[in-house]
Every structure is written in C-alpha cells, then in structure tokens.
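As a plain string of letters, each chain reads:
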Amino acid sequence: NAGVTQTPKFQVLKTGQSMTLQCAQDMNHEYMSWYRQDPGMGLRLIHYSVGAGITDQGEVPNGYNVSRSTTEDFPLRLLSAAPSQTSVYFCASRPRLSGGRYEQYFGPGTRLTVT
Amino acid sequence: GENVEQHPSTLSVQEGDSAVIKCTYSDSASNYFPWYKQELGKRPQLIIDIRSNVGEKKDQRIAVTLNKTAKHFSLHITETQPEDSAVYFCAATRGSNYQLIWGAGTKLIIKP
Chain A
1 NAGVTQTPKF
11 QVLKTGQSMT
21 LQCAQDMNHE
31 YMSWYRQDPG
41 MGLRLIHYSV
51 GAGITDQGEV
61 PNGYNVSRST
71 TEDFPLRLLS
81 AAPSQTSVYF
91 CASRPRLSGG
101 RYEQYFGPGT
111 RLTVT
Chain B
1001 GENVEQHPST
1011 LSVQEGDSAV
1021 IKCTYSDSAS
1031 NYFPWYKQEL
1041 GKRPQLIIDI
1051 RSNVGEKKDQ
1061 RIAVTLNKTA
1071 KHFSLHITET
1081 QPEDSAVYFC
1091 AATRGSNYQL
1101 IWGAGTKLII
1111 KP
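Chains A and B supply the protein sequences, listed in that same order. Its first residue numbered 1, the first sequence is counted upward by one per residue in our numbering. Its first residue numbered 1001, the second sequence is counted upward by one per residue in our numbering.
None of these hints come from the bench; they were simulated from the model. Even for Gly, the Cβ is constructed at its ideal location relative to N, Cα and C. One or more of the hints may lead you astray.
[What the hints assert, rightly or not] Here are the simulated distance ranges between beta carbons: (1) 1057/B with 70/A: 31 to 39 Å; (2) 82/A with 1014/B: 39 to 47 Å; (3) 115/A with 1067/B: 26 to 34 Å; (4) 1014/B with 56/A: 44 to 52 Å; (5) 1112/B with 108/A: 25 to 33 Å; (6) 97/A with 1107/B: 31 to 39 Å; (7) 1112/B with 97/A: 15 to 23 Å; (8) 83/A with 1027/B: 29 to 37 Å; (9) 18/A with 1112/B: 44 to 52 Å; (10) 39/A with 1012/B: 17 to 25 Å; (11) 1020/B with 39/A: 19 to 27 Å.
Could you build the full structure based on these sequences and the hints that come with them?
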C-alpha cells in the first residue's frame, strides 16, 4: 500500500512552459485535492475532486487545470508556467465517508521552480 | 470569505515546558478541526483532530480544545521534546464537501 504518490519530486521550468504534476493513490479514496504551499501562507487549495469525472475549483485555481478520469489518478496541469507558480505542491486524498472525520493523506510533494 | 487565523507564527519554548497554539475560524458551519505537523522537507501529517460536538480531546502529551461560541480552538503540547520541533497547521472544514481551510502555520522551536 503506497498511499499517495507524486511525481516528480523536483522540477525546474522556464516561464511559459507547460507540464503535468502526477498524483496517484491506492486507497480507493473518492476525494482528492491539490494544494500549493508558500512560506508563511499555509496550504492553499488549487482544485479538488469528489470522484471520478467530477472536479471543482479551490481558492487559487488560475493557471492550473485538473481532470479525474479514474479514482486513482488526479494530475495537475500548469498551462503556461509563471514565476509566481514557484511553490511546493501537495496532493492529498481522503475517503468520502469517514464518520465525521475528514483526515487528509498527503503525498510527499513536488518542489517546482519557475525561472 | 471564510478564513482561519493562527497565532503565533513562531513559538520558542524550553524543552519540558508547554506550548499552546491558537486558531480562530469564521465559518459557523465548520464542524471538524484537525491539527497537522510538518517536519522540514516532509509532508503534513495529522496529529490530532476534534469534531464540533466535542469540547476537548487528549492524546498523551497533546490536546485540542474547542470553543464553538467564540470560534476558536487551540493545540496544547505538554512536556515538550526536541522531536516536537516542526511547523504546526490548524484547519477547519468549509462547504458541503468538507474541504479544509488552513491556518498559516506556527513554527515551534524547542530549546535544549
């Protein structure tokens, strides 16, 4: 049971390039989320999904796209990278029904630098 | 919009002393309040949580208290140890899908 996995661990992009951050989980969790973490700002929700085929925007969705074709995978696409997108990106998942507890399980993160 | 404020941003305590971190939230519909610990370069991990129908919860050296009327909750760590050094985040649920809104984090430093 690998939990939540993310690839790559590190990435450097030039302004204007596009790329996809990969996230997968093997816990059959319905809910998956993408966060970015910047110093002094905590975790900010980019996009989330409540199940395959269903996605919605979080607090900071601009410049990012997501899709959820399977329960396991939730890739995050940067359309045209900007220096403001330099951050650490975390993917997280949790089960839909959790007895009133909504613990999220995080992946190891991807550190992205845009030059 | 809904937000979670967390204080202090940095907390330095002597090993063996207690540490208290406080959070306030704005959405009266929030019903779940977790605390996560993040060590340097690692992912956040849940250390304790509390639901809105409970006022206090304890797990060994850590405890969380919730005051729904005042909309604030706190993390208490007693008998602090060097391995408690980390960044701690509070969060509160928002919306019908129970997404989490996060505080900005508290860097806890344990002085030997």
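Quick check: which numbered hints come out false for this structure? 3, 7
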